[in-house]
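Colleague: For reference, the chains in residue letters:
There are 2 protein chains.
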Amino acid sequence: SLLSVSSLSSHTLSSLCLSLLCVFQELELASVFVSDAQYNRNIFFDTSPRAVRLYLLYHRWFLKVLLYFFILVNLSLAVFEEPAVFPLPLWATMMVELLCLLAFSFRLVHYAKVIPPDKFWKDPKNICIIVILMLTLVDMIIYGALKATNYYALRWSRVLRPLLLVNVTEGRQLRRAFRSIRNALPQIFYVFLLFMFSVLIFSLMALKLLGKRGLQTIDGAPYFTHYLEIVFDLYVLVTTANSPDVMMPAYNASFVFAIFFIVYILINTYIFMSVFLAVVYNNYKKYLKEEVRQLVRAKRHKMVRAFAVLQEVREEGGEPVVTQANWNQVVRLVRPNIDNAHRELLWSVCDDKNQGAIGKAAFVQLADLLNIEVITLKSRPHPFHSLCPALYLSAPSRLLSRMVHHRAFVIVYDIIILVNAIFIGLDEENPMIANSEWVFLALYLLEILLKLYVFEPRTFFSRHSFWNWFDIIIVVSALIATIINSAVKISGGYTSRQILDIVFILRVLRLIRVVDSIERFRAIINTLIRIGPAILTFGQLIVVVYYVFAMVGMELFKGKVKFYEEDSTDPAKAYCGNPLLRGTAFAQLNYCKNNFNNVVSSFILLVELTVVNQCSGFATVTHVSARIFFFIFHILVVIVIINIFVAFVLEAFFVEYSVDKSDLHTSVERKITELELALEQEKLDDNLVNAMETIDNDLGTGQSAATNKPALMFKIASKRYRTVDALLQRMFEADLDPEDLAEDDSPEAQTGRNFGNPTFSSV
Amino acid sequence: SLLSVSSLSSHTLSSLCLSLLCVFQELELASVFVSDAQYNRNIFFDTSPRAVRLYLLYHRWFLKVLLYFFILVNLSLAVFEEPAVFPLPLWATMMVELLCLLAFSFRLVHYAKVIPPDKFWKDPKNICIIVILMLTLVDMIIYGALKATNYYALRWSRVLRPLLLVNVTEGRQLRRAFRSIRNALPQIFYVFLLFMFSVLIFSLMALKLLGKRGLQTIDGAPYFTHYLEIVFDLYVLVTTANSPDVMMPAYNASFVFAIFFIVYILINTYIFMSVFLAVVYNNYKKYLKEEVRQLVRAKRHKMVRAFAVLQEVREEGGEPVVTQANWNQVVRLVRPNIDNAHRELLWSVCDDKNQGAIGKAAFVQLADLLNIEVITLKSRPHPFHSLCPALYLSAPSRLLSRMVHHRAFVIVYDIIILVNAIFIGLDEENPMIANSEWVFLALYLLEILLKLYVFEPRTFFSRHSFWNWFDIIIVVSALIATIINSAVKISGGYTSRQILDIVFILRVLRLIRVVDSIERFRAIINTLIRIGPAILTFGQLIVVVYYVFAMVGMELFKGKVKFYEEDSTDPAKAYCGNPLLRGTAFAQLNYCKNNFNNVVSSFILLVELTVVNQCSGFATVTHVSARIFFFIFHILVVIVIINIFVAFVLEAFFVEYSVDKSDLHTSVERKITELELALEQEKLDDNLVNAMETIDNDLGTGQSAATNKPALMFKIASKRYRTVDALLQRMFEADLDPEDLAEDDSPEAQTGRNFGNPTFSSV
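Residue numbers (the working numbering), protein chains in the order written: chain A, 1 to 763; chain B, 1 to 763.
Heads up, none of these hints are tricks.
Any copy, or any two copies together, can satisfy a pair, since identical chains are not distinguished.
In the DSSO-like style, the derived pairs of lysine-lysine whose C-alpha atoms are separated by at most 27 angstroms in a straight line are: (1) K573 x K562; (2) K212 x K573; (3) K212 x K489; (4) K208 x K489.
Since the hints were derived computationally from the structure, they do not count as laboratory data.
Turn these sequences into a full structure, and let the hints steer you where they fit.
Modeller: If you want it as C-alpha cells, here you go:
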C-alpha cells in the first residue's frame, strides 16, 4: 500500500517489478538521488538494490564519526611518538597506527563495493589513499626493523597523514579549498616573482649604499655587508617583524637612509601585499564561481535522475509527473525527522496550482527547498498552563509574564551583567566580592527560571536559540564549578587552581551575552556565526599544512633548543641549552620554549610564525639555510592561505551586505505569508506578527499567544544554511548563468562537458 | 569670421550681441563649460565676460603651481621652527608665514571675484580657509607677544596648516578621500566597538587567569596584574608588534595558556581585521559610486549649458544643433595644443552621420572624448633618411635596422643587464670590476644610440614612451655621475661618498628595465603605474594626518628622548638622555633616534608606528596616558586609512581584471579602425598592423614603414587616464544606472536633486 493505484497502473514504471519490495527499492533509489543532490554529494554509485543499501550505510553518521575518530587518532599519534609529549613504547603507537590503517582500508573497501570498479580506479582520491596506506606500511616496517637493530631511523611517512583528511570522501570542502589554492597559484607566482625581484633590487641597493660604511648592528656585527643576509632581512621587513630594528643602524647614521626603508615598506609591504590579496581574491572568486556552477548542474542532474525513477504519465501524451504520494514517500525517506506540516508546506510550494502532481521543473527544486531551514513553531500551551490553568492564568502570573516580555527586563539584566563585569575586575580575595558571585549566579539562575516559566520549554530549547543554550550551559556550568570549588575549599582548605580557572572563564564568558542586546552587534555576530562552518574548513586546511611543517620541522630542529623550567638552576638555561645561542636575542628574550621538540610546541611555534616571522634562533643553531624552511612556510601560509581566508571573509560580508534573499526563499516565504494571512483573516484579534517579532529575539512563543492561536506557524531561518555549499551557492547565485536553468532538461546530453572536470567523480 | 553665416542668422543665439567680440565671449563661455566638464570642476562661476576671464585666469597652471608652492613653504616651515632641524630666527619664519597667508588671501579674493557672493559664503571650503587664516594670524600675534616677553608659548595653529591642502579648490580628490573616510566611520565605529569589547573581555580573562600566578615578564616586572596594562598589551598584540613576547611568560608557565593567545589572535587579528577591511571596502565602494554618479550628472549638466550657448536651429522646428565650425572653435579653445587630425577624428566620432552638425546627445559626450588620450602617430621619415637617403637605405644600414628590430636585440640586452647585476653585486674595489662599469655604460649608450638611429626621434621621445625616457635619464645621469666621480678621484685622490651613492643608485635602477621585457610583469607594472596618481591622493591624505600628529607629538614629547651621535662619549647615551629609560628595551635596542624632537624624525617615527606600533618608550618618559596618542594614531591610520588604501588597490586591480573598454572608447576605436581600413585598402602591401604591434612595445615607428605609408595614424592610449576622475568613472561605469544616461536631456529639472549634496558647490 505504499503506492497509490494510479502509480501501479502507470506505464512509465519501466521495470517489471510490481512487487511492493521492488517499488520500495525504487523509492529508496530516488531518495538517495535527492539526498545526494541536497548535500551536493557527487558519488557515482551502483544503482543495484544491494549497492544502494551499502551506499546508504556508507553515509550513516556513525561510520563517518568513526572515520574522523580514526583520522584524529592517527594524527594525534605524533603526541606519543618520538619526539613525544607523552612518550609511549614504540609497539603501542605502531599497534594503534596499524588499527587506524585497518579502519581506513575497511572504509575504502566499503566505498569500492558501492561504486563500479572502473570508476573506483579512475578516482585519484582512492589511488591517493591506497598509496598513502602502502607507503605508511612500508615505512613502519623499515622503521621497526631499523629501530630493532638500533640504527638511525626516520618516520618520513608521518607527513602523509594529514593528506588522508583531504582525500576521504567527506573532505569535499577541504579539497575545494586546496583546488582554489592550486588554481590561484599561477597568478600568484608572477606577482611573487615581481615582488622578489623588487626585494632583490632593493637589497642590492642596500648593499651598495650601506655595506661600505662600516655600520654595526646592535649586536656589534657588521651591518648589511652580505647580500643574501640583506635579502633575508628585507624579506622579513615585509612581514614587519624586524621593524624598526633593521633600519636603526642606517637611520642613526643619517636620516636620509630612512627614506630608503620607507620607500621599501611602501612598495613591498603595502602595495605588493595588497596586490597579492587582489590576485588571490580575484582568482578565488573566479574559480569558486565555476565550481559552484558545476555543483548546481550536478545537483540538477541528480534530481532529474530521481525524477526519472519516480515519474509516471497520468494522461496519454502528457508530461511525466510525480504524484504527491510518491513525493511524500521520498521526502520521508530523505528526511525522516521532518514533520507533516512542514512537508505539506513544501508540497504546496512545489505544487503551485494544486494539481496533486508536479512536473520535472518543480521537482528539481526540491533539493534546494530541503536546504531551507523552516522552523515549525507549534504554539503549544505552556506545561504549567495545562497542569494548573487557574494559577498560571492568575493576575500575578500574568504580570510576571508581561514583566519578562518587557524590554526593561533585558535592560535590567544587561546592567546586572555590566555590574558583574566590574565585580569580576575587582580583587576576588576580598570576601565581600567573593560572596557577591553567589548573588550574581542566583540572579542569572532566576533569569533562566523566569524565562522557562514564561516561555514554552520546547521552544525555548529549540535548536536555533543559540543564546538560550549559551546562557544555560554557561550558568549551569558556572554553578557546578563554583559549588565544587567551595566544597573543595571547605573540605581541604585549599583552592584548586584548575577549577578556579574554569570558574573565571565561565564568569567572563557570561559577559558576552550583553552583545546580543544591541541590534548592530547582533548583525555582525550573526554573520560571523554564519561563516563559522566555512572557517572550520580553513581550520582543517591550516592543520594539514601545519602538520606537514611540524613533522619536517621536528626532524630538522628537534632538541636543538631546549627549554628549562622556571626553577631550574642549570647554567645552560641562559642560552636555551645550546651554546650557539649564547648572547643572541632569541635567548635573551627567553624564547626557549619556541622549539620543535614536540608536536604541541611545534604547532604553537608555527602559529607564532604565521603572526610574526621570527626565526633567527633556528638559523643560528643549525645553518643559515634553515631560513628556507621558514621562507617557504611564510609564502605558503601568510601570502597564500591567509589571503584566501581574508578573501573568503570579505566575500561573505559583501554577500550579507548586498544579496537579497534568493528566489527560492521568497517562494517559500510567500507561501508562509499566504498561510498566515489566511489564518490572520480568521482571527484578526490575534497578534501573530508581534509574536513573530518576539521569536526574532530568540525567545519562544508561549503564554502571550496561548489564548486562541493557530496551532502551527512557520518561520524561515533564512539566514542559516544547512550546508557550506548552500552558502557558496548563495554567494554566487546572482552571477550564475540564467542559461544554466534552461539546461537542466537535458543534463545527460551535457554529461561530458559538465563532468569533464576531474574534481568530480565522473557521472 | 569666427562664426559661419548660418550661426549668425540663427534665432537661438538669444542675446543681442552680434559683434565678433561678443560672439567670441560666448565661445569662451562654452569652452569654459566644456573644460569644467572635462576636468570635473564644479565651480558655479559668474557668466559675465569679466568673471569668465578671471575664472580662466584662476585656472591657469602657474597660479596653481604658485599656490601649491606656498602651501609647501607653509608646511615646511615646521623644519625651521622650534623644535627645528635647521633653526631660523623667529622673525624670519614669521615673515615667511605672513607671506604665505597673504598669498592664500589673494587666491581667496580672486576666487570670490569669480563666483557670486552668496555662493562664496555658502561654501564651507571658503569659510574654512578664512577661519584658518584668522586663527593663524591670531596665534602668530599671541605667540610673538609671549615670546617677546619671554613667556611660555605654544604655536597651536600649526596643526591647522595641512587643512589648507584639503580646502583649496584644487584639493578635490583629497576632499573626496576625506569624505569617503567620514562616510565609512559609522559602520567602522560599530565593528570597532565590538572589537574593543572583545579585547576587553579577553583582557579580563587574562587578568583572572594569569594575574594571580606570580608570573614575571622578561624585565622582572609582574605579569598581567593591572587591567589597563593588559588591555593595552593585548591591543598591541593585534598589531602583532609584541608577538610572541607578550605571550612568553604565560607559555613558559604552561602550554595551555598559548591556546588563549592563539584564540585571541585568531579572533582579533585575523577575523576582526578582515571584517574592518570588508566594512571599509564596502562603504568605500558604495559612497564612491554615489559620488561618481553625481559627478557624471554634473558633467552632463555643464555640457548641456555649453550646448545651450552654442546651439542654433538650422531648419524651422528642428532640433537645436551645434555646427562643426562652432564645435571646432570650442575644442580649439579648450585644448589649444590638439592637432587638426585629432580634432577631425573626434568630430567624425561625434558626427556619425556626416551631417555637419551634431545634436545635444552627441555634444554631451565631448567631455569624455577629450579625456581619451589619442596619440597621433605621424609616420615621419627619419631625419637621416631625409638628409642622406642613399646611406640610410644602404644594405648595412638596413641590416642594422633589422637587427635592432629583432627580438634577439631585447634578449641580448636583458642578458647584459643580468650580467651587470652580478658585477654590481661583486666587490667594486676590484679594479677589473670598477673598469667593467665603463663597458656596461658604453653598451647602454650604444643601445640608445642604435635605437635613435633606427627609430624616429620624435616618436622615440613621445610622452608615452615611459621606458625610453627612463633609459635615457638613468643612463645619461649615470654617465655624468661616473665621469664626475672619476674626475674627483683623479684630481683629489679621494672618492666623494655622495656622488658614489648616486652612481650606485642609478646603476641598480637600470636593472629595473629587465621587467619590461616580460609580458606578465609589464601588465602588473602598468596597472601599478596607472593607479599611481590616485595613490598620490592617499599620499596627501597621509601627509595631512601625519602633519597633525607630528605637531601634537612634538608638543607632547619633544626633548624627552635624546639622540647622541655614534662617537659621543656621554654616559647618557646608553639611556637616550633620559634616566627613566635606563634599562628599558627602548634604550637597549638603540631606538633613541625614534623621537619627536623635530618634524623630520617625527614623520619617520610616525611611519614606523604605522608599520609596527612600538611606543612603550614614550609612555615611560611621560605618562602612561601618552599611549592614548598612539592608540588614536593606530586606529586612524592603520584601521581606517590603510584599509581604504587597500580597498582602493583591490578595486583598481579588479577593474583591470574584469572591465572591458568602455563604450566611448570603442566608438573612437571603431572610427580609428575604419579610417585605417580605408587606408589599408589603398595600400595593401603596407604592414600597418605590424607597425602598430611595434608601437605597443613602446618603440616608435620609423624606418620600417618609411617607404610609402599613410602620413597619419592614431592610437588610443586606452589604458591611460587623463584624470583620476576618469579612472574612477571607469571603475564604476558598469554599475552606473543606465537611467542616468536618459536623464541628461533635462538636467535643469533635476538640479535640486543632483546637487543637493553639500559636497559640491551647488549649481
